[in-house]
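Participant: Construct all of the structure, not just a fragment, from the sequences and the given hints.
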Amino acid sequence: MPKQDIIGRVTATESKPTSTTELRFWVSDETILRPFDVVKIPHVSKTKGGASETYAIVQELEHITDAQGYLSGVVSCDFGDVNATPRNFRLGTTVATAEVLCNSEDIEMPVRDGQPVMWADSDGVAKALGLVGIKQPLPAGYFSMSNDVEIPIQFEGDFVVGPEGAHVNISGISGLATKTSYAMFLMSALQQKRAEDVAMVIFNVKGADLLSIDKPNPDMTEADAAEWTKCELVAKPFQNVTYFYPYSKNEQKLCTQSRVSRQILQDQIDKGIAHNYFYDIEGGKQKLELLFADVDDPQSTMEQCAAKVGEMEVDDWADLIEAVRKETESKAGRPVGKGASAEIPVVSWRRFYRFLRQRTSNDIFDTVTSTKADLRRKKHTSDIVKHIRPGNVVVIDIQPLPDYLQCMVFGDVVRQILDAKLGDSDDISQTEEIGRVVIFADELNKYAPKKDGNERALTRTMLEITERGRSLGVVLFGAEQFRSGVHQRVLGNCSTNVLGRTNSVEISSSGDYKFLTPAQRAALTRLPKGTLLLQHAAFSTSTIKARFPFPAYLQPK
Amino acid sequence: MPNIIELLKNIGITCNSFGLVDLDRAGSSEWEENEAPIERPFEDPPPAGGRRNVGGECDPSTKPLFRYFIDGSRKTYRVADLEHSGHYFPLVAAQIGVAVCERDFDAFGGCGMKPVGSESEVINALIIPSYVGDSDIDAIRTEVGAKARQKFEVIPYSTLGKQDKSPLDLAMAAAMERMHDMEVQAACNLAKSGRLTNDAMLVIDGSLMFRNQKFDIVDFRNVIGIAKKFKPDFSVGDKKKIDVGSVVRKLGYGERTTVFKRTFRSSNTGSWFLRIRDPKMMPNALGGVVKLELFALEDVERESGFDPDRVDVISRHVLSERNVTPYGADDRWATHLYPVYLTEQYLKSRFMSAVAFKGMF
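Keeping their order, the protein sequence lines are chains R and B. Just so you know, the numbering used here puts 438 at position 438 of the first sequence, and the rest follows in order with no gaps. Just so you know, the numbering used here puts 303 at position 303 of the second sequence, and the rest follows in order with no gaps.
Be aware that a few hints might be false.
Said to hold, decoys possible - Computed footprint of chain B on chain R, listed as stretches where at least three residues anywhere in the stretch have a Cβ under 8 Å from a Cβ of chain B:
{"#": "1", "segment": "90-99"}
{"#": "2", "segment": "204-210"}
As the list claims (entries may be wrong) - Listed next, the in silico DSS-like pairs over lysine-lysine satisfying Cα-Cα at most 27 Å (straight line):
{"#": "3", "chain 1": "B", "residue 1": "K114", "chain 2": "B", "residue 2": "K162"}
{"#": "4", "chain 1": "B", "residue 1": "K162", "chain 2": "R", "residue 2": "K16"}
{"#": "5", "chain 1": "R", "residue 1": "K287", "chain 2": "R", "residue 2": "K271"}
{"#": "6", "chain 1": "R", "residue 1": "K514", "chain 2": "R", "residue 2": "K529"}
{"#": "7", "chain 1": "R", "residue 1": "K249", "chain 2": "R", "residue 2": "K378"}
{"#": "8", "chain 1": "B", "residue 1": "K250", "chain 2": "B", "residue 2": "K229"}
{"#": "9", "chain 1": "B", "residue 1": "K114", "chain 2": "R", "residue 2": "K16"}
{"#": "10", "chain 1": "R", "residue 1": "K16", "chain 2": "B", "residue 2": "K358"}
{"#": "11", "chain 1": "R", "residue 1": "K450", "chain 2": "R", "residue 2": "K372"}
What the hints assert, rightly or not - Between beta-carbon pairs, the in silico distance windows are:
{"#": "12", "chain 1": "B", "residue 1": "R310", "chain 2": "R", "residue 2": "D29", "range": "48 to 56 Å"}
{"#": "13", "chain 1": "R", "residue 1": "S45", "chain 2": "B", "residue 2": "D138", "range": "27 to 35 Å"}
{"#": "14", "chain 1": "R", "residue 1": "S45", "chain 2": "B", "residue 2": "K165", "range": "51 to 59 Å"}
{"#": "15", "chain 1": "B", "residue 1": "K165", "chain 2": "R", "residue 2": "L71", "range": "36 to 44 Å"}
{"#": "16", "chain 1": "B", "residue 1": "I11", "chain 2": "R", "residue 2": "G50", "range": "40 to 48 Å"}
These are computed hints drawn from the structure, not numbers from a lab. All figures in this text were calculated on a predicted structure; none of them were measured in a lab. Each residue gets a CB set at the ideal place from its N, CA and C atoms; glycine is no exception.
Facilitator: So this is what it looks like as structure tokens:
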């Protein structure tokens, strides 16, 4: 039950006055308070004899005593006897610094000295944090206070998947199952609340974590399920999921490179929801610039080579490599600076050739086959987009692939989604059918690294999503360990930022955390599992500390 | 709303504004010890050599002997000069208060202190010489009482036979007398309400030698006066008298002097000195020594003096009270017992600031 007792009183001093944005109050001895608790304080009213209520969120707690310095403590222990037991306890109190959130009458006068401070009730907390009047509520976790008041937190859906704002960035160190779990929680919320217009594309980059999201979590307890209820959601796995795995010629492994367990994969095959993606020469040669996204290419010669290769007429990948090999041979008498091939120096072709030969050796670069269709289950990457429909979830496993292939597949699928939304797709009907698409990309720093020279093709695609996606209906849910490693324009376009536990080196060396108060930055280094700080365009405070429930889908151990 | 000066002018008293001058001297709240000389040792049997070790502080688990603490304080200001019937004298205004705090670590938490609101009070006072005359003093009471922003008490003081004294000193002494009235009243109220017992004693900050207050000495059975300072040139001893400073200087940490008898308004008190700080850490030889004072109430006490064991027990409890200290916050930290310091702080926090007080004149 929420307490309505007075828990402290406002203190305004000459050196620490109350202001329109901040106040301090001392806390009664029996009160246990923590940062992010919300309190209310009676204040002046526009109505004569009335009283308004000001709400404030605790930022920092300090304990002070009347000791003038450290020596006061030393002297009070008989000049430094650590075993001394003073009979008297020093006068001291805990002082809370709180950020003013709102006033019930929109009064912005500083709160007066001596005013009583009380816990805010659920309705008050919701109002103070900006959680009322949300038009398209999207569950985002729940808020828990020291007095056991818990309220659900909701994002304004229009600021998550557009059109008012879009994109979510999630950062935090690995190993706490926070970043991915929260992204999956948010997508589960989208599927439960916005199935009619939102589709999801998930790239699996770690183990087999996201390769059985349609199966219930057998470890889920009643308490875990209750946490979902607190968020006004049902604890259930994802529905309408289709999996795409990287193709392998190894039939013993059911023609996939994926690490998904054989039992789970067989189950998915039986249900007809598991496919293997590959690139044939026709489609793949057009996308080679994505294959070299990580290669240092200050003169853009790799991109020029890739564009040239796209025009070559070849039958398979072996032909292509041979054709490129020929470009690496010096041709006597060939005019320099004239003709398309002549524009690209031989040394660049040789470099391109080395990369091409090495990077297309993976099994996903294959030919179209007609036999053993049920075993191979091969799909062009262009077919993936056809499965993206509102309420559906498409999981693309890129974990087994090397980084450069992960970038290629990611960039390719994202480009196709953008093309579909822009009407550039071969299948015009997709534009209407695809709905709003949420793309979840873990390790975002890999796809949109901090700018360090020329933008790569993949980075340009990511910028296009974050800068135009809001209106197009293409939304990026990005996650990374360190925000400082991600392109500033990508971060800057995110209407929602989620911060998990981060190490102090990252916080102190990056400017990305300057919007947090010192206390919030300190809290960020010790956030427990399942807890994070939310910053959202519709909130009326800079950040809210939120908890979210244990995943409801199967997580292979 | 008119200020006090305007109110006085309204009733025909000539006032010359003077500005607000703070008249207080630091640490002057203790009793001036110039009326009751120390007579002789008053302890049965007296300690050999005139001093003894009290046996160290109490075990930390021992319940504190002192539960209530009284502190009186006043702030006096010269606010104007008045002309009346050929006299020209300063108008002194004061805030006078007394605070009582109760200590119970188990019940109150924190520092264990809570004010006893019913016995804590602050008054505003106008201190005026009695030659202004009863009629005019009544007129001042009426005018100020009806129209001033805050309630003021008018305190007349007599100048009769004190022509050699400065009016300012006399006015300040009158403020001090009023403060002692309040202290004595608060102590008696505590005793009469049954709160003071032999294991819940009251500590008065300073001496027990109230000059003009009338009270039943029985109410002071469980009251001890603890003075932070004392005059070192008082002579003590039975036959061969020596100054108290010479006796106290020799005290080691945790040692006390014998109890000395002092007769005051037909009552006997016992006073002794206790060193509560290591002398090596003190800036001077008399630093860290407090003076303790009790009324002798039992017949045997009045006749033969105090029981050394009782004096030792009380002394050990006082020794235990030495920590924590207001070191750094108060120059008198070495002898300022912390509960008394807190009581003083509570009282001072209830005083108006000088600026706010000046605003009423």
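Participant: All hints, please: hold or fail.
Facilitator: Evaluation of the provided hints:
1. 90-99: holds (count 4)
2. 204-210: violated (count 0)
3. K114/B - K162/B: Distance of about 42 Å is beyond 27 Å: violated.
4. K162/B - K16/R: Answer violated: K162/B to K16/R is near 50 Å, above 27 Å.
5. K287/R - K271/R: With a Cα-Cα distance of about 31 Å, the restraint between K287/R and K271/R is violated, given a limit of 27 Å.
6. K514/R - K529/R: The hint holds at about 23 Å.
7. K249/R - K378/R: holds, 11 Å
8. K250/B - K229/B: Holds, at roughly 17 Å.
9. K114/B - K16/R: holds, 26 Å
10. K16/R - K358/B: holds, 25 Å
11. K450/R - K372/R: The hint is violated at about 44 Å.
12. R310/B - D29/R: 48 to 56 Å: Given about 35 Å between the Cβ atoms, the range is violated.
13. S45/R - D138/B: 27 to 35 Å: violated, 44 Å
14. S45/R - K165/B: 51 to 59 Å: holds, 55 Å
15. K165/B - L71/R: 36 to 44 Å: holds, 43 Å
16. I11/B - G50/R: 40 to 48 Å: holds, 41 Å
Checked against the numbered hints listed earlier, the structure breaks hints 2, 3, 4, 5, 11, 12, 13; every other hint is satisfied.
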